[in-house]
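Peer 1: We have chain E; now place chain G onto it with these hints.
Quick mapping for you: the protein sequence lines, in order, are chains E and G.
Start counting the first sequence at 1; every next residue gets the next number (the numbering used here).
Start counting the second sequence at 1; every next residue gets the next number (the numbering used here).
Think of the hints as simulated: they come from the structure by calculation, not from any bench.
A few of these clues could be false.
What the hints assert, rightly or not - Which residues of chain E face chain G? A partial, calculated answer using Cβ under 8 Å:
1) E22
2) L90
3) F102
By construction, the Cβ of each residue, glycine as well, lies at the ideal position given by its N, Cα and C atoms.
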Amino acid sequence: SQTIHQWPATLVQPVGSPLSLECTVEGTSNPNLYWYRQAAGRGLQLLFYSVGIGQISSEVPQNLSASRPQDRQFILSSKKLLLSDSGFYLCAWRRVLSEAFFGQGTRLTVV
Amino acid sequence: KNQVEQSPQSLIILEGKNCTLQCNYTVSPFSNLRWYKQDTGRGPVSLTIMTFSENTKSNGRYTATLDADTKQSSLHITASQLSDSASYICVVSEENTDKLIFGTGTRLQVFP
Chain E
1 SQTIHQWPAT
11 LVQPVGSPLS
21 LECTVEGTSN
31 PNLYWYRQAA
41 GRGLQLLFYS
51 VGIGQISSEV
61 PQNLSASRPQ
71 DRQFILSSKK
81 LLLSDSGFYL
91 CAWRRVLSEA
101 FFGQGTRLTV
111 V
Chain G
1 KNQVEQSPQS
11 LIILEGKNCT
21 LQCNYTVSPF
31 SNLRWYKQDT
41 GRGPVSLTIM
51 TFSENTKSNG
61 RYTATLDADT
71 KQSSLHITAS
81 QLSDSASYIC
91 VVSEENTDKL
101 IFGTGTRLQV
111 FP
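Bound-form chain E, shown alone:
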């Protein structure tokens, strides 16, 4: 069966520090991978998606970047965090026309 791992679960980082959130998928190959951000009282906002190794599409301009160094690994990064980067980040995988499977999320607080 397929599983998705996302870590860390919570993170408190100072403004201006770097960020690296990691997501890995097991039990499937060549998945479509996604990073979402969820703000309180708002729907999930798609940040990045990837259909293959090294292929990254960005949905919104922002302070973050994403990379896919391996087929089942998706990384969300920032060189310098802003206060506005605080939020709940979700990694997900899916296949075309199928449901999305989400990781457990990372609560990021920038202080």
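Peer 2: Same frame as chain E, but now just chain G:
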């Protein structure tokens, strides 16, 4: 613009009672609609999926309905339990792009 709107924004009910959550969408062309349950601080988990030709689908105490003509869906929860306390998110898939459009969710709280 493709949108998914949910109501109510939040709902409080007593344990054992039934409730219905609403989802209206303007996504076109429409592929399918899913309801997700998201516990606080966790990732969403799929409850049901409905395609254009389906009117109703059940998953235990959860029953989803879909009216593709009026572009409305509802999620009915029967005999609510404390563990039903969560956010329920309606997600519509756009047919051409396979893009997922998320609603803002309904926050349900079940009290004893």
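Peer 1: Can you give the numbers of the hints that this structure goes against, from lowest to highest?
Peer 2: Hint 1 is the one this structure does not satisfy, whereas the remaining hints hold.
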